[in-house]
Amino acid sequence: MGDDPQILVVASHAILASYRASTLPPGVTMSVEADIAFFDDPDDSKSDLVDGAIGEDSMFHQTFGYYGQGVSTSTATLPRGWEDRLVPFVPEDSHPAQAPCLDPSDLVVAKLVAGRRKDFAYASDLLAGGLVDVAVLRDRVEMLQVVGAVKRRVAGDLERLAARHAP
385 MGDDPQILVV ASHAILASYR ASTLPPGVTM SVEADIAFFD DPDDSKSDLV DGAIGEDSMF
445 HQTFGYYGQG VSTSTATLPR GWEDRLVPFV PEDSHPAQAP CLDPSDLVVA KLVAGRRKDF
505 AYASDLLAGG LVDVAVLRDR VEMLQVVGAV KRRVAGDLER LAARHAP
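Heads up: the sequence shown begins at 385 in the numbering used here, then just goes up one per residue.
Treat the hints as calculated values from the structure; they're not laboratory data.
Check the hints yourself; a few may be wrong.
[Stated by the list, open to error] What follows is a set of in silico ranges between Cβ atoms, one per label pair, in the way DEER data are often shown:
hint : residue 1 : residue 2 : range
1    : D432      : R500      : 19 to 25 Å
2    : S442      : M527      : 20 to 26 Å
3    : H549      : D432      : 35 to 41 Å
4    : S415      : T461      : 15 to 21 Å
Every residue, glycine too, gets a C-beta built ideally from N, C-alpha and C.
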């Protein structure tokens, strides 16, 4: 972990690379968990180190009130080409570490694939706030490499959310 300065933020907090927290709907930043993956972690050993060092119920979690969860880059189901759309996040005090984050539209599509209630609420908040574009999301859904039934479910969920937030 210490010798790999480039991590990938794959869940809700990835949105912070694209927008300041103060401009986001409150529900979007309420998670106390940050999912962290490494680009070079074929056996998930670096992810395991994250869990041990700053994971749930760790001293870090008890001290700061939030924690990191080590995951794999394959944890989220993402649209083709997501790697080319990563948003850089390089806090000044973290050099040489870098934390590229998912593009907001890729993030929302991954949330819709996961399909949990909290994921729909997250996607809905971003749509309501005008922070993601429905047309871009439709394109990204088409870029998913999943079975047809999953793609149809995600497309249908997106259309229901879009109708709820139509002008």
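Now for the hints, and whether the structure bears them out:
1. D432 to R500: 19 to 25 Å: holds, 24 Å
2. S442 to M527: 20 to 26 Å: violated, 36 Å
3. H549 to D432: 35 to 41 Å: For D432 against H549, whose Cβ atoms are near 39 Å apart, the range 35 to 41 Å holds.
4. S415 to T461: 15 to 21 Å: holds, 19 Å
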